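With the hints as extra help, turn the sequences into a complete structure.
Single-letter residue listing:
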Amino acid sequence: EAQVTQNPRYLITVTGKKLTVTCSQNMNHEYMSWYRQDPGLGLRQIYYSMNVEVTDKGDVPEGYKVSRKEKRNFPLILESPSPNQTSLYFCASSWTSGGYTQYFGPGTRLTVL
Amino acid sequence: DAKTTQPTSMDCAEGRAANLPCNHSTISGNEYVYWYRQIHSQGPQYIIHGLKNNETNEMASLIITEDRKSSTLILPHATLRDTAVYYCIVMDRDDKIIFGKGTRLHILP
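As you go down the protein sequences, you meet chains A and B in turn.
Heads up, the first sequence is in this note's numbering, so the first residue is 1 and it goes up one at a time.
Heads up, the second sequence is in this note's numbering, so the first residue is 114 and it goes up one at a time.
Check before you lean on any hint, since a few could be wrong.
To be verified - What follows is a set of in silico ranges between Cβ atoms, one per label pair, in the way DEER data are often shown:
1) 205(B) / 14(A): 37 to 45 Å
2) 71(A) / 130(B): 24 to 32 Å
3) 15(A) / 155(B): 22 to 30 Å
4) 40(A) / 222(B): 39 to 47 Å
5) 39(A) / 193(B): 32 to 40 Å
What the hints assert, rightly or not - Computed cross-link-like contacts, DSS-like style, restricted to lysine-lysine with a CA-CA straight-line distance of at most 27 Å:
6) 182(B) / 209(B)
7) 17(A) / 65(A)
8) 18(A) / 71(A)
9) 69(A) / 18(A)
10) 209(B) / 65(A)
11) 165(B) / 214(B)
12) 165(B) / 57(A)
13) 18(A) / 57(A)
14) 65(A) / 18(A)
15) 182(B) / 57(A)
16) 69(A) / 165(B)
17) 71(A) / 209(B)
18) 71(A) / 57(A)
19) 209(B) / 165(B)
20) 69(A) / 57(A)
21) 165(B) / 65(A)
22) 182(B) / 214(B)
23) 69(A) / 17(A)
Said to hold, decoys possible - A few chain A residues that face chain B, going by a derived Cβ cut-off under 7 Å, partial list only:
24) 8
25) 10
26) 42
27) 43
28) 101
29) 104
30) 106
31) 107
By construction, these hints were calculated from the structure, which means they are not laboratory data.
Computed from a predicted structure; not experimentally measured.
We put the CB at the ideal spot given by N, CA and C, even for glycine.
Here it is as structure tokens:
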């Protein structure tokens with residue numbers, strides 16, 4: 001089954017404790033991206049990757065890192081999480097950016113205390 | 114600037130057709146109309162897209178006006194599971210997808 005998986009689905013952590021949210025897709029897609037969703041602000045793109053070893057900033061990249069060492073995986077790294085990073089996070093993949101169907105993961109709800 | 118305008122919310126009776134409008138008066142010739150939906154706190158789900166012609170798939174139909182300045186997403190027989198936020202997005206193949214506020218559709222039993 002074609003899918004995007006994220007782990008963990010729920011995470012409660014404390015300020016400053018490094019964490020990684022994993023994202024994996026099984027569709028051989030070249031394009032992957034991370035979004036955060038906050039009430040009243042909608043979905044905002046954090047980082048995206050056009051292909052292996054190619055990543056770029058989205059609209060709200062501060063406080064986040066990503067890597068794309070393999071085509072299928074695109075982890076999101078919070079080196080020193082802060083409470084303003086409490087949010088619902090989605091990973092997505094598609095053949096390329098924009099005008100192709102994007103497949104979204106189930107979401108990761110992160111709470112930073 | 115938002116490229117689309119959608120009603121904030123709509124109600125539809127279960128079993129009836131849900132017709133969700135979207136205005137995109139500034140759409141350019143190479144821009145597509147995409148529809149996604151997001152069921153509460155789940156990842157957005159692609160529904161359908163079109164350029165000029167009307168489109169239909171197993172989920173919905175998309176009707177685009179001849180001047181392409183507006184479109185309507187039709188869910189032919191709405192069920193309670195169709196309760197979601199529906200996003201109309203206009204973009205060309207090189208654009209980054211941008212989600213607006215969408216229409217919150219309530220299906221009433």
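Next on the checklist: Does residue 57(A) sit within 27 Å of residue 69(A), going by the straight-line distance between their CA atoms?
Outcome noted: Holds: residue 69(A) and residue 57(A) sit about 17 Å apart, inside 27 Å.
Checklist entry - Once the shortest beta carbon distance from residue 43(A) to chain B is found, is it less than 7 Å? => result Check passed: Cβ of residue 43(A) comes within 4 Å of chain B, closer than 7 Å.
Checklist entry - Under the criterion that the straight-line Cα-Cα distance not exceed 27 Å, is the pair residue 165(B), residue 57(A) satisfied? => result The hint is violated at about 33 Å.
Next on the checklist: Can you verify the interface hint for residue 106(A): is its Cβ closer than 7 Å to any Cβ in chain B?
Outcome noted: Nearest chain B Cβ about 6 Å off; hint holds.
Checklist entry - When you take the CB atoms of residue 40(A) and residue 222(B), is the distance between them in 39 to 47 Å? => result Given a distance of about 29 Å, which is not inside 39 to 47 Å, the answer is violated.
Checklist entry - Within a Cα-Cα threshold of 27 Å, do residue 69(A) and residue 17(A) meet the stated pairing? => result With Cα atoms ~23 Å apart, residue 69(A) and residue 17(A) stay inside 27 Å; holds.
Checklist entry - Hint check: is the beta carbon of residue 107(A) less than 7 Å from a beta carbon of chain B? => result 6 Å, holds
Checklist entry - Regarding the pair residue 69(A) and residue 18(A), is the alpha-carbon distance no greater than 27 Å? => result 20 Å, holds
Next on the checklist: Tell me if the interface restraint on residue 42(A) is satisfied: Cβ within less than 7 Å of some Cβ in chain B.
Outcome noted: This hint holds: residue 42(A) lies near chain B, its Cβ roughly 5 Å from the closest one there, short of 7 Å.
Checklist entry - Taking 27 Å as the top limit, are the C-alpha atoms of residue 18(A) and residue 71(A) close enough? => result Holds. Residue 18(A) to residue 71(A) sits at ~24 Å (cutoff 27 Å).
Checklist entry - Quick one, are residue 17(A) and residue 65(A) close enough, alpha carbons at most 27 Å? => result Measuring from Cα to Cα gives roughly 14 Å; hence the hint holds.
Checklist entry - Regarding the pair residue 165(B) and residue 65(A), is the alpha-carbon distance no greater than 27 Å? => result 39 Å, violated
When the structure is compared with the earlier hints, violations turn up for hints 2, 4, 5, 12, 15, 16, 21, 24, 25 and for no others.
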